[in-house]
Amino acid sequence: MKELKLMKGNEAFAEAVIREGVDAYFGYPITPQSEVIEYLMLEEPHKRTGMVVLQAESEIGAIHMVYGAAGAGKKAVTSSSSPGISLKQEGISYLAGSELPCVMLNVVRGGPGLGTIQPSQADYFQTVKGGGHGDYKLIVLAPASVQEMADFVEDGFELAFKYRNPVMILSDGLIGQMMEKVYLKPQKPRLTDEEIREKYGNWATIGHKPSERNIITSLELKSERQEKHNQKLQAKYRKVEKNEVRFEKINCENADYLLVAYGSSARICQKTIQLGKEKGINIGLLRPITLWPFPSEEINKMADNVKGILSVELSTGQMVEDVKLAVNGKVPVEHYGRFGGMIHSPDEVLEALEEKFIK
Amino acid sequence: MSNNITPEEIIKNGTLVFEKTKLMTDAHLSYCPGCGHGVAHRITMEVLEEMGVGDQAIGIAPVGCSVLAYDFMNIDMQQAAHGRAPAVATGIKRLYPDKFVFTYQGDGDLAAIGTNETIHACNRGENIVIIFINNGIYGMTGGQMAPTTLGGMKSSTSPYGRDLGMTGHPIKITEMMATLPGVCYATRQAVHKPGLVRKAKKAIRKAFENQKDKKGLSIVEIVSNCNSGWKMSPVKSNEWLEENMLPVFPLGDIKG
Ligand SMILES: Cc1ncc(C[n+]2csc(CCOP(=O)(O)OP(=O)(O)O)c2C)c(N)n1
Ligand code: SF4
Ligand SMILES: [Mg+2]
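Going down the list, the protein sequences come from chains A and B.
Residue 1 is where the first sequence starts when you use the numbering used here, and the numbers rise one by one after that.
Residue 1 is where the second sequence starts when you use the numbering used here, and the numbers rise one by one after that.
Keep in mind that the hints are not guaranteed to be accurate.
[To be verified] Over 10 angstroms on every C-beta distance to chain A, these chain B residues come out as not near it, computed from the model:
#1 Asn4
#2 Val67
#3 Lys93
#4 Glu243
[Said to hold, decoys possible] Straight-line distance between alpha carbons at most 27 angstroms, and here's what the computed DSSO-like set of lysine-lysine pairs gives:
#5 A:Lys209 to A:Lys239
#6 B:Lys22 to B:Lys154
#7 B:Lys99 to A:Lys199
#8 B:Lys20 to A:Lys209
#9 B:Lys199 to B:Lys172
#10 B:Lys99 to A:Lys188
#11 B:Lys99 to A:Lys209
#12 A:Lys209 to B:Lys22
#13 A:Lys199 to A:Lys137
#14 B:Lys202 to A:Lys209
#15 B:Lys214 to A:Lys47
Hints in this document: simulated from the structure, not taken from any laboratory.
Don't be surprised by glycine CBs; every beta carbon is placed ideally from N, CA and C.
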C-alpha cells in the first residue's frame with residue numbers, strides 16, 4: 001500500500017533510499033542537502049533493513065566508499081551539493097570507467113567557489129558534460145517535485161544496474177528544501193548475493209575462487225585496449241540515448257513559443273504558461289526529465305511548429321547549448337534565468353519571452 | 001637424477017619442498033628485478049592461502065607500481081584511485097563484514113595523496129588490513145620525492161637531495177596511525193633478507209588473524225627498495241636500505 005506523507009525533498013529522497021532496499025549510504029554534510037544524512041541517521045535504517053549509513057571523512061572518501069560497495073555489487077548511494085560534487089568528480093570518473101552502478105544526488109547551490117547555499121542549476125555542465133576526466137556519461141535525472149525526489153531512487157537504480165552506469169539525480173536547493181505531499185512506495189527487501197548475481201550477472205568482487213575471480217578496474221595500459229573499452233562505453237551510451245530519453249510536455253499543442261526548463265525552473269514556468277494565456281500568448285513547456293540522454297529529437301521536432309524557444313534555467317545559460325544543438329538553427333533559441341541563488345518569477349520569465357521574441 | 005623427470009614424479013616421490021601459492025597467477029611480474037613488491041605480494045597471498053580464505057578475500061590495488069597487483073594476486077580485486085584504497089575497502093567491508101578485505105599501497109599513495117583516507121579508516125577502526133610498501137620514493141612515475149624520502153636523498157624532484165627545511169621530514173605514518181585507538185596492530189617489516197621475509201609474513205598473518213577476530217585495523221609497513229628509482233643495482237639498493245632507510249624507519253612492532 002502506498003503511504004502519503006508531507007516531507008521535504010531531501011527527506012523524501014532519504015526515505016525512498018531506505019524503502020528501495022539500498023545497501024549503503026555514504027555522505028558528508030553540506031547545505032542544502034544535510035537533511036539526507038540527518039534523516040538516515042535518525043531513522044536508523046540498519047534496524048529496518050540492515051542498511052549501512054556512514055558519515056565519511058570527506059566527499060572524496062564518500063564517493064570511493066560508494067565505489068567499493070558498488071564494486072561488490074551492492075546498491076550504494078551518496079548525496080551532496082555543488083562544492084561536494086566537485087570533490088566527488090574523481091570517483092565519479094572511476095565509477096563510470098569501471099562501469100559501476102550507483103545513485104548519486106546533487107542538491108545544487110549557487111557557485112562558483114563556495115558561492116551561496118541558495119538554489120541554483122549551475123551544475124548542468126558539470127553533470128551532463130563530464131565533470132570528471134575522460135569520455136564518459138552519467139545518466140542524469142532531474143526531479144521537479146518532492147514526489148520525483150522519491151521516485152527517482154527506484155528509477156535511478158533500475159537504470160544504473162541495467163546499464164552498469166552511475167546515475168546522478170540533479171536536483172536543486174528549492175526541490176530539496178520544499179515540502180510537498182509524497183506517496184511513498186512500500187519497503188523492498190535488500191537483495192541477497194544470489195539475487196544480485198541472478199538479476200545483474202556475476203561481476204562483483206565479493207570473494208571467489210581463482211578460476212572465477214572478478215576484477216573491478218578502469219585501467220588499461222595498452223592504448224588499443226583502452227580505445228576498445230571506450231568504444232564499448234560509447235556503444236552503451238548510444239543505447240541509453242536510444243532507449244531512455246524522458247520528458248514531459250505541458251500545453252505544447254498549438255503553442256507559438258516553447259519554454260525548455262527542468263527541475264524547479266520547470267515548476268516556475270508552469271505558472272508562466274498561465275500568465276501567457278491571460279495575455280493571449282500561447283506558450284508550451286518541454287521539461288526534460290533526463291538531462292542525459294537529452295530529449296534532442298523531441299525538441300528538434302517541436303522547433304518546426306514554434307516561433308522561438310526559450311531555455312529557462314537558474315544559471316547564466318548552460319542547457320541552452322544543448323537546446324541550440326537540438327534545434328540546429330531552425331528557430332531562434334534564447335536563454336533566460338536568474339542565477340547565483342536568485343530565483344526568477346513566472347512574470348520575469350514571461351517578460352523575458354516577450355522581450356526576446358515578441359517586442 | 002635423470003634429466004627427464006616430470007613435476008608429477010617429483011611430487012609422487014614426496015620430494016616437493018616448495019610450491020608457488022595458487023593465489024599468485026602465472027603472469028610475469030611487471031616489477032623491476034630485485035624490487036620488494038613481488039615478495040610482498042607473494043607472502044600476502046601465501047598467508048591468505050594458508051588461512052584458507054583466498055575465496056573470501058577482496059584486495060584493493062592502489063595507484064603506484066603495484067597498480068596491476070590484480071594481475072598477480074589471484075583473488076577478487078578492485079583497483080582504487082590514487083590514495084583512496086582505504087575508503088574503497090571501507091565500502092566493501094561495511095557490507096561484507098565477514099570477508100577478508102585488504103589494501104596494498106605505496107608510500108605516495110598512503111602517506112601523501114591518501115593521508116586523509118588512511119587516517120580516517122584507521123580512526124574508525126575499519127576491520128581491514130593495510131599492507132604499506134614504503135620505498136621512500138614514487139617508483140611508478142619515475143622516482144619523484146615522496147613524503148617518506150630521506151633527508152638529502154636525491155630524487156627527480158629533489159635532484160640536489162631532499163631539503164628537510166623546505167619540504168619537511170620523512171613522515172613516520174605508521175607510528176602516527178599507531179596512536180589511534182582504532183588501530184589494533186601497527187608494525188614495520190622488511191623483505192630484503194630471507195629471515196626478514198619470514199618475519200614479515202608472520203606479521204601479515206597476524207594482521208589477517210586480527211581481522212578474523214574483528215579486532216580493528218592492522219597496518220603492516222614493509223620498508224622496501226626501489227632500485228630503479230634510487231638508481232642502484234638491486235644488491236646495492238638493499239645495502240643502502242639497511243644503512244639509510246632502517247635508521248629512520250626502524251623495524252619491529254609499534255603497537256599490538
Ligand atoms: C590523482 C593522481 N595524481 C597523480 C598520479 C600519478 N601517480 C601515479 S603513481 C604515483 C606515485 C606512486 O608512488 P607510491 O605510492 O610510493 O608507489 P610506488 O610506485 O613507489 O610503489 C603518482 C604520483 C595519479 N595516477 N593520480
Ligand atoms: S620502479 Fe621501483 S618500486 Fe617500481 S617496480 Fe621498479 S624497483 Fe619496484
Ligand atoms: Mg613508493
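Pairwise hint evaluation, A:Lys47 against B:Lys214, where the allowed Cα distance is 27 angstroms at most = Holds, because 21 angstroms separates the two Cα atoms, which is no more than 27 angstroms.
query = Does A:Lys137 lie within 27 angstroms of A:Lys199 when you go C-alpha to C-alpha?
reply = holds, 23 angstroms
request  = Quick one: work out the minimum CB distance from B:Asn4 to chain A and report holds if it exceeds 10 angstroms, violated otherwise.
outcome  = holds, 30 angstroms
key: Beyond 10 angstroms from every chain A Cβ - status for B:Glu243   = holds, 35 angstroms
ask   = Given the hinted pair B:Lys199 and B:Lys172, is their alpha-carbon gap at most 27 angstroms?
value = holds, 20 angstroms
message = So if I understand the rule, the pair passes when the alpha-carbon distance is 27 angstroms or less; does B:Lys22 with B:Lys154 pass?
response = violated, 39 angstroms
message = For a C-alpha distance cap of 27 angstroms, please report whether A:Lys209 and B:Lys22 respect it.
response = Within the cut-off at roughly 10 angstroms; holds.
key: 27 angstroms Cα cutoff - pair B:Lys99, A:Lys199   = holds, 22 angstroms
inquiry  = Against the 27 angstroms threshold, does the CA-CA distance of B:Lys99 and A:Lys209 hold or violate the hint?
reply    = holds, 13 angstroms
ask   = Does the claim that B:Val67 lies off the interface hold, with its Cβ farther than 10 angstroms from every Cβ of chain A?
value = violated, 6 angstroms
query = Does the structure keep A:Lys209 and A:Lys239 at a Cα separation of 27 angstroms or less?
reply = With a Cα-Cα distance of about 34 angstroms, the restraint between A:Lys209 and A:Lys239 is violated, given a limit of 27 angstroms.
task = With a cut-off of 27 angstroms on the C-alpha distance, tell me whether B:Lys20 and A:Lys209 pass.
result = holds, 16 angstroms
Of the numbered hints given earlier, the model fails hints 2, 3, 5, 6; all others are met.
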